[in-house]
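Novice: One letter stands for each residue in the lines below.
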Amino acid sequence: MGILDVRDVNKRFGGLQALGNVNLSVAENTVHAIIGPNGAGKSTLLNCLVGKLIPDTGSVMFDGQSVLGRKPYEINQMGISRVFQTPEIFGDLTVFENMMIPLFAKRDGSFRMHAFEGVSHERGLIAEAEKMLDEVNMLDKRDFHAGSLSRGDKRRLEMAMCLIQRPKLLLLDEPTAGMARADTNNTIELLKTIKKSRDITMCIIEHDMHVVFSLADRITVLAQGTPLVEDTPEKIKGHPKVKEAYLGEAA
Amino acid sequence: MLGLGKKDLSLLILVAVLTMLAPFLLNPFPTDSGLAQFNAGYPDLMQRFVIFGIFAIGFNILFGLTGYLSFGHAAFLGVGSYAAVWMFKLLSMNVVPAIILSVIIAGVFALAIGYISLRRSGIYFSILTLAFAQMSFALAYSVLTPITNGETGLQIALDDPRILGVSQTEDGSIPVTHFFGIEMRATEVLRLGGWEFQFSAGYYLCALVMLVAFYLAIRIFRSPFGMMLRAVKSNQQRLYYTGLNARPYTLAAFVISGMYAGLAGGLLASMDPLAGAERMQWTASGEVVLMTILGGAGTLIGPVLGAGFIKYFENIFSKLNDNVLHGWFAFLPDGLEDFVVTIVHPFVGKGWHLTLGLMFMAVVIFLPGGLVEGGQRIARLFRRRKASDEHRAAQETPAE
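Protein chains in written order, with our numbering: chain A, 681 to 931; chain B, 84 to 483.
Just to be clear, a hint being listed does not mean it is correct.
BS3-like mimics (lysine-lysine), calculated; alpha carbons at most 30 Å apart, straight line [claimed, not checked]:
{"id": "1", "chain 1": "A", "residue 1": "821", "chain 2": "A", "residue 2": "811"}
{"id": "2", "chain 1": "B", "residue 1": "172", "chain 2": "A", "residue 2": "821"}
{"id": "3", "chain 1": "B", "residue 1": "469", "chain 2": "B", "residue 2": "90"}
{"id": "4", "chain 1": "B", "residue 1": "469", "chain 2": "A", "residue 2": "821"}
{"id": "5", "chain 1": "A", "residue 1": "821", "chain 2": "B", "residue 2": "90"}
{"id": "6", "chain 1": "A", "residue 1": "821", "chain 2": "A", "residue 2": "848"}
Hints were generated in silico from the structure; no laboratory data involved.
Treat the numbers as computed from the prediction; the structure is a model and nothing was measured.
In isolation and in its complexed conformation, chain B is listed as follows (with noise of 0.2 Å):
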């Protein structure tokens, strides 16, 4: 079905029940109890989970299959944000042109920073790439002003065009984004004795483009092009002396992940229409290469795991603050309470990063291959455990 495997059909599946069931998988705690803080299940996170989620799988495309590590693909993120702001501006506040223009222009920037980069490799490409990004970052924010409001980056207006919709609404406000009249804001709540659910429009629309966007790379991991992808990370000289021009390949690749991101971006925006210039950093780079590895580069599900990873930390672990603490280890005497806090202290709230980076060392040096080896290794484990029951049993049925 749908031109897949078996294997690769039950991923898709899979994975589409986890994102539509989402919103009750992601509160598993009743709204009054203390663990509470650990539901991820509203709205704007779930939309970050997915939005990142697509962000990883394109990355993955060009990192996991060419090997190439481009440090510069948040500039494609900020890059689709502004297309899509601008189209709010001047169009309508219909997400769908939105969308679309900052997955074209995302290509079209992809196409040609990949043109220049990729005539080297390894470390060099990535400072390449590097380099791209950071000048972006700094023409967003100083010289481009005019396009990009600099500092304060761009957000819709009550002056502003929009020749398909309307400038204001009847009551004189900012009309919100919309796909074809349903508000991405809109929002049901379910109550369900202690629990609440919280159905969003916008995340349903995000997760629904990250499931055809997981589609579709798993079309291009199993396609004779993926298969090129992987060869050319795998060795570059054996590929030339095949016939094969490795440039256009890796080239494709890059402008794929390239336009992934503007897709990203694009929805960021759609979500909430503002782009400033802090999503082209750096460290936003940095983000999508450390969501990969974590998650395992090169693996299909990994990136989506990764991103939603690092994500629940950064919303949730960042929240919990030296009250919480408090409120945690209450039972133990005074002295010795403050101490656990002041132990603790550093790891959550403001010092998340240190968790993760920790997390993050441990995965690398245990499991090269990212949760996702993690996960086989478990499952191998339970099947060993399993045969080798099987194995016992055999073995003692004869002596009976």
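Chain A with its partners taken away, still in its complex shape (with noise of 0.2 Å):
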């Protein structure tokens, strides 16, 4: 039993079957990727997971307990955080507001009304946010609006405002896409350190090869929406089935 485990998955689009039984087992404190082809169901996956999507049939189960039908915002509080492929990061906030809503969120739960304490009386989650800020070097922008970052940067911030929730599982869906070279290297550095800092399981989906072999310590690969198979970096690099279905296809 992982902490995250998926169990007979399937889900239609009309004539589509975009997730056929699928089974994935995320144990604790590991990086777990999920790679494919495009349409492979990637994507369609970690919207299950996140309450985004309902599958059709089959089971979710996170820490123990089911997160079918639940709203993502319960979900959240469940213990899982998302990052997008493009990053959603509060863009009319500054820098400094975007770390203090996930402090309030995980602190007050999904809604409180505190209309007439000031933030600025917050002291000790004002601390709690400027140390991920430090951590992930972006003290220095802590006034600036976020909307007005390099993409780079809006990155960053997304990690730090799922980080600083604790969260037991990250998601992460593709998140070097569309980056340059260097960015993608920075982004690889930062996951790097956070898994060794911290208690966290990861699971990335991601195209990028090189993201993946230098920081997965599983690897599922997802064709036509089903798993192909399961094994270590190593393993999957030489195996004749993932030649053929997904880099086999790419050459």
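Using the supplied hints, reconstruct the complex from the two chains, each of which is provided in its own coordinate frame.
Specialist: Written as structure tokens, this is what we have:
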């Protein structure tokens, strides 16, 4: 039993079988990558994990509880954070405010009417937010408008927003999509530091093999909505089936 | 002090000073001068400034922070007015219970309408609120006549029970609204030279209520709750995936702004105890949208400025008629005078809406942040000039 267990999940969109009998188990404190060609069902699977989609059949258990039928904010409160393909941040707010919102969500739950105490009185949370910003080297951009940051900084901010909630599971949807090589390498370094410095399970959907092979402990290859193989990166590299379905196709 | 930062506190103090000195500031011209018609310092208009200021402050909590554009806020204003007048009819002419009830009733209405309307966002939300407001207007105008007195409007009468007060005064007339004995219409007149300043009890009550409303709005803006509302406007997707439910936040903002509208409605009725259905019509809802955008949506002071601006135009510009214009342009040769008056005529008097519309367009196109942005730009211009002066001075010094 892993921290995340996906059992016999099926999802159909009209005539298209997006996911067919997906079984997946993510062990605690590992980095699990899901790779596969375009249209393999990676994003559909991810959306089933965070409550955006509900599978037609099957079960998704997180930390001993089912996530099915729960709203995205309830699933986040259970301890799953998500990083999007294009960074989703609060662009009209400052970097600092972007960090405070997940802290409030963590402390106060999905809704609390805190209408009269000023944000500036939350000394403990402010210190925590600044510490996290320091950790991702963004303290100098504390009062910038988040919308004005570079793409790489937006990505870093989004990850910091997820991490500050101390999630048990961090889902990353193509975290380096559309990034320049240097930014990609920075992101890899950041993820490596995160992995080393705290107890966290990560599940990465990724196109870039360089990212996958430098981070993942285990890899699941998805093709046409079904897991093809699941193994360590070394084994995956040489697997004939994978070469045929994925790497071969790419070449 | 008061739990506010330095900047907010000075803004609050500035607004407090301006509202308290309004009878002087709004009466800059001596009574017998030709410009006296531009004086806005009479009680009726000053009350309108602050009451619609409250209305716009509340509207801004919803629209400015969450970005949900309600086109039906006048319904809450109207409901508040009806509630207040009923209090005057049934309980007493004291304005305090009337205002309290109008806030509560408007809040209940806002809860019901908001609960349904907030199932949608964007234009669909706006249309839903508009539909609800027009339904309320139509009901108040016709079916609900027993409660609202239909087209005539709800008024107080000699045979109202007023269980804590009197049905009629000793000389058989309708009693007037009061605040623990201080009559709302009581006005002190101060004559200084050619000037005449009026201090009305009603205005000062409204101004104090507005200051409290403004203070609460600042606290909301600076609170975690206010931050969440801005986050709703910025990115709902991220909000949901950060473990927050946007719905109760927007509903709370909707109810708070509805209660502000109810407060404004209650104060309107306290100054002049009658309530009509036209207060709920969509033009009234549109007016508060104009006020907020004109002043600067999402800013603290903007809505108050916008409200003052529009009310000034409505009451002062609309009074300029052709006779006044002829007076102004009398120095021109006859033919030219008539020509100029003909040109200016559509923009003043009954045509004041045209001027307002043009100004609104200019603000939206050139100053998307409203009058507040205009002020900021001017301030920046001055600062830059000062900075470049200092710069030049610094450069010149070594040369000497």
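Novice: Look at each hint and say if it fits the structure.
Specialist: Each hint, compared with the structure:
With a C-alpha separation of about 13 Å, the suggested pairing of residue 821 of chain A with residue 811 of chain A holds against the 30 Å cut-off. Annotation: proposed proximity of residue 172 of chain B to residue 821 of chain A is violated, straight-line Cα distance about 60 Å (limit 30 Å). Taking the CA atoms of residue 469 of chain B and residue 90 of chain B, the gap is near 22 Å; set against the 30 Å cutoff, the hint holds. The suggested pairing of residue 469 of chain B with residue 821 of chain A holds, with an alpha-carbon distance near 28 Å, which does not exceed 30 Å.
With a C-alpha separation of about 22 Å, the suggested pair residue 821 of chain A and residue 90 of chain B falls inside the 30 Å cut-off, and the hint holds. For the proposed pair residue 821 of chain A and residue 848 of chain A, the alpha carbon gap of about 28 Å is at most 30 Å, so the pair holds.
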